[in-house]
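Note that this note's numbering has the sequence shown beginning at 63, numbered continuously upward.
Errors might be hidden in some of the hints.
[Stated by the list, open to error] 30 Å max Cα-Cα, derived DSS-like pairs, lysine-lysine:
| id | residue 1 | residue 2 |
| --- | --- | --- |
| 1 | 198 | 270 |
| 2 | 392 | 198 |
| 3 | 439 | 392 |
Keep in mind the hints are simulated off the structure, nothing from the lab.
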Amino acid sequence: MQRIVVVGGSVAAARVLDTLARLRTDAEIVLMTAGRRFPAHDPPALSKQVLAGEWQLDDALMRVEPPPGTRVLTQTTAVAVDLAEHVIRTDRGDHVGYDRLVVATGSRSRPHGLVPRGTRGVHELRTAHHSLALRKELRAGRRLLVVGGGLIGCEVAAIARAWGMDVTVIDPGSRPLLRMAGPEAGRFVAGVHEEMGVDLRFGVGVEKITGDERVSGVLLTDGRHIQGDAVVVGIGAVPNTELLSGTGLSIDDGVSCDQTCTALGAPDVMVAGDACRWPSVLFGRSMRVEHWTNAVEQGAHVGRAITLDHARRPTFDSVPYAWSDQFGMKIQALGVMEGTWRVLVDDRANRRFLALCAIDDVVRGVVAVNNPHLIAKARAAILRGRHTGTPDWAWAGEALAG
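Model the full structure from these sequences, guided by the hints.
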């Protein structure tokens, strides 16, 4: 009987276990996670329903049914791997052998060094503890400063405004949601945030967070100081790849993998989720995707493929997808956000927006606001355009007319 060890308590790890359960594999399964419990909480709910006070923590737990007999090792950190001996060393000094290894360790907040450690009132948002701690700060009449205008920053800003807070968002970029949704959607979203009373300070960075024991504000790179009662820092994430450091495997903002999500040079090691970097045939580039949907799809793929010998594993590819809920907007983004943009719908009054991104007239990305019925058509168009290499703008007009 083979032993499959899954390291990580992430969404991708949960999907690996779900898939192994459906396959009814006779392999021995071991899950190793540094967290206190498994399954953990689903990340999107922590920055949405839980933070907004609509859900309790238990409502946000991931639904996972591991294979019968799975051994779950919580509060256990895998600190090193011996690829030759197929052994994992833990922080408890244990040595756990494996026949096949899945690394689904996720990512962590990008370090910022803006404030001395322990200063009260400075928050990030990745865990259940973070969500509850931040929710305690959300009270009408107080000012929240949000460092970072990406997905998390914009969602926090919208929720804080709903709680009646004054909110300022600060980012050195030009517009919100640039990585997720591109410049045109960023312009549209910025207009809505300003309309709803969010103070946007873009094109300027944060030099440091001020305050002694308790935060008092932020000092901007242009010398201005903004007072605030609490600060949220959301400036991106870095993949947790330390487990494979020193093994000789290629680590390049993620673990370098082949098209099957197998680590290059280690046929018995597969990677899923935020830590995986793989060559996308669909988009012709190396990709690492942090979105929830990629973790689900890649986790399911690795769960199937890890039971097969390397030569028999299917290849993986996907169209990246992300969504966000802000001020009555359902923002959905598909594909890649680099290329030439064409805006087809720009209706702020009714909170509707649609833009297509193309390279050489071939659709590579789509962003829609409150147009959920277009997403399936958009995904099909991206797949069709990439494979045929022909211009493909007509579907959007036809879909809107229909």
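Consistency of the hints with the structure:
1. 198 to 270: holds (23 Å)
2. 392 to 198: Holds, at roughly 26 Å.
3. 439 to 392: Roughly 17 Å separates the two Cα atoms, so the pair holds.
In summary, this structure violates none of the numbered hints.
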